[in-house]
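Colleague: Listed here are the chains, written in short residue letters.
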Amino acid sequence: MQLQLDIVHRFRSRSPAFQLRVQARLMAGTFTALYGPSGSGKSTLLRLLAGLDRPSEGTIALGDTRWNDAAKHQHLPPGKRSVGLVFQDYALFPNMSVRQNLEFAQPKSLRDPAAISRLLEMAGLEDLASRRPPELSGGQAQRVALMRALARQPQLLLLDEAFAALDDATRERMYRVVADFHAEYTPITIMVSHRKDEVRRLAERVLVLQDGQLVEDARVADGWASG
Amino acid sequence: MDWTPLLLTLKLAVVTTLILFVIGLPLAWWLSRTRFPGKPVIEAVVSLPLVLPPSVLGFYLLVAFSPENSFGAFLRDTFGLRLVFSFAGLVVASVIYSFPFMVQPLQAGFQSVPRNLREAAETLGKSRFEILRHVLLPNMKSSVLTALVLSFAHTIGEFGVVLMIGGSLPGRTRVASIAVYDEVESLNYAAANRYALVLLLFSFVILVAVYTLNRHRAQTLF
Chain W
-19 MQLQLDIVHR FRSRSPAFQL RVQARLMAGT FTALYGPSGS GKSTLLRLLA GLDRPSEGTI
41 ALGDTRWNDA AKHQHLPPGK RSVGLVFQDY ALFPNMSVRQ NLEFAQPKSL RDPAAISRLL
101 EMAGLEDLAS RRPPELSGGQ AQRVALMRAL ARQPQLLLLD EAFAALDDAT RERMYRVVAD
161 FHAEYTPITI MVSHRKDEVR RLAERVLVLQ DGQLVEDARV ADGWASG
Chain S
32 MDWTPLLLTL KLAVVTTLIL FVIGLPLAWW LSRTRFPGKP VIEAVVSLPL VLPPSVLGFY
92 LLVAFSPENS FGAFLRDTFG LRLVFSFAGL VVASVIYSFP FMVQPLQAGF QSVPRNLREA
152 AETLGKSRFE ILRHVLLPNM KSSVLTALVL SFAHTIGEFG VVLMIGGSLP GRTRVASIAV
212 YDEVESLNYA AANRYALVLL LFSFVILVAV YTLNRHRAQT LF
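Chains as they are written, first to last, in my numbering: chain W, -19 to 207; chain S, 32 to 253.
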């Protein structure tokens, strides 16, 4: 199973006009980081992969399933993509408790209260299970958002600065949670990050974006940014 | 005191509000999301009853529903419906007249729910109905309550449209606001006052209940 993308996405509303152009192949089980300055198109790329936006040109495919084909106006809706997306601003449902947020994320075929309890325990959220998102700190909300994405056991895990609001100790704990999940379920994981140490800690491969262009595609093990 | 006009008013308001909610909810959802170029025209049509004199709206509905004209004749011949001087006619007229009071608060409510909540639910594989039921409606309860109460209260207070389309047939179209008018016309101020007082108290209690509920909701959520 591999994710293939060859896309161009234009923003007519941005001034000056902005164009995102990415061509890449990502194998199942690879952990890839998207690295680059703000406004380089990292979050946009995640939205395109999640199906929340449609590319202006090109195709996105997972295995034999074509998710997007702009020429044929083909677009697979987000819910049919087996994607877990951690939003930068968490996007937790304020009307549901922490536990209910995770339960809501579980597909009907995977309904398992014990699995939810395990996820809560892994993230150190057991004592917060009955709280609602407005009662959580930024770091707590970020952990819930991450576990909600994992509850779906997606084939494509998309992390949009998913560790940004965490303190050092909690960040290290969540690194381990994500790394364990990645090792157990071998999804294609793509993580947006501004931190080189985070990229080196988690990712095997790094795609560097600048002004919407893919300017570097490197293996972290080859010593990316270690100098 | 004859309670029939008050009960008829209540029945009209309940039926109208329910129908408005069923029609208004999908329309408000669509209006909150669409980029359709003709959206301002549709919004203007929805809002027209806000600025149109009730007698004008009532006049056009009377003309349209009259069996003497093609549309009214079509309704009578095809569905056996006679909308002029009937309770069914009052309901249809009330639905049209109170349409903006249902659609506008709901549309504002949908727009107030952060877009990323809907998007998060979409990425979790939820259907439109599930998103509506579990994400959108629970996070716009105040707007739903406002829409229901405004539509209900506006229907209770109708006069011009109801008079034009329904007249004053006791037990069929003589709602409370018409009864007040009739009693005043007959110089029977005591009876008019009783109807008016009940309407006043009823409206006041509803509004107090709504404000109390909204306050309680705000306190429990945040």
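Wrong hints could be hidden among the right ones.
Derived pair list, reagent style DMTMM-like, types lysine to aspartate or glutamate, alpha-carbon separation capped at 20 angstroms [as the list claims (entries may be wrong)]:
hint, chain 1, residue 1, chain 2, residue 2
1, W, K60, W, E101
2, W, K176, W, D147
3, W, K88, S, D33
4, W, K60, S, E150
5, W, K60, S, D213
6, W, K52, W, D33
7, W, K52, W, D69
8, W, K52, W, D(-14)
9, W, K60, W, E83
It should be emphasised that the hints constitute simulated quantities derived from the structure, not laboratory data.
Colleague: If a hint holds in the structure, say so; if it doesn't, say that too.
Modeller: Verification of the hints:
1. K60/W - E101/W: Since the Cα atoms of K60/W and E101/W sit roughly 29 angstroms apart, the hinted pair is violated (cutoff 20 angstroms).
2. K176/W - D147/W: 17 angstroms, holds
3. K88/W - D33/S: 56 angstroms, violated
4. K60/W - E150/S: 13 angstroms, holds
5. K60/W - D213/S: 62 angstroms, violated
6. K52/W - D33/W: 16 angstroms, holds
7. K52/W - D69/W: 33 angstroms, violated
8. K52/W - D(-14)/W: Between K52/W and D(-14)/W the Cα gap is close to 15 angstroms, so the pair holds against 20 angstroms.
9. K60/W - E83/W: 18 angstroms, holds
In this structure, the earlier hints numbered 1, 3, 5 and 7 are contradicted, and the remaining ones agree with it.
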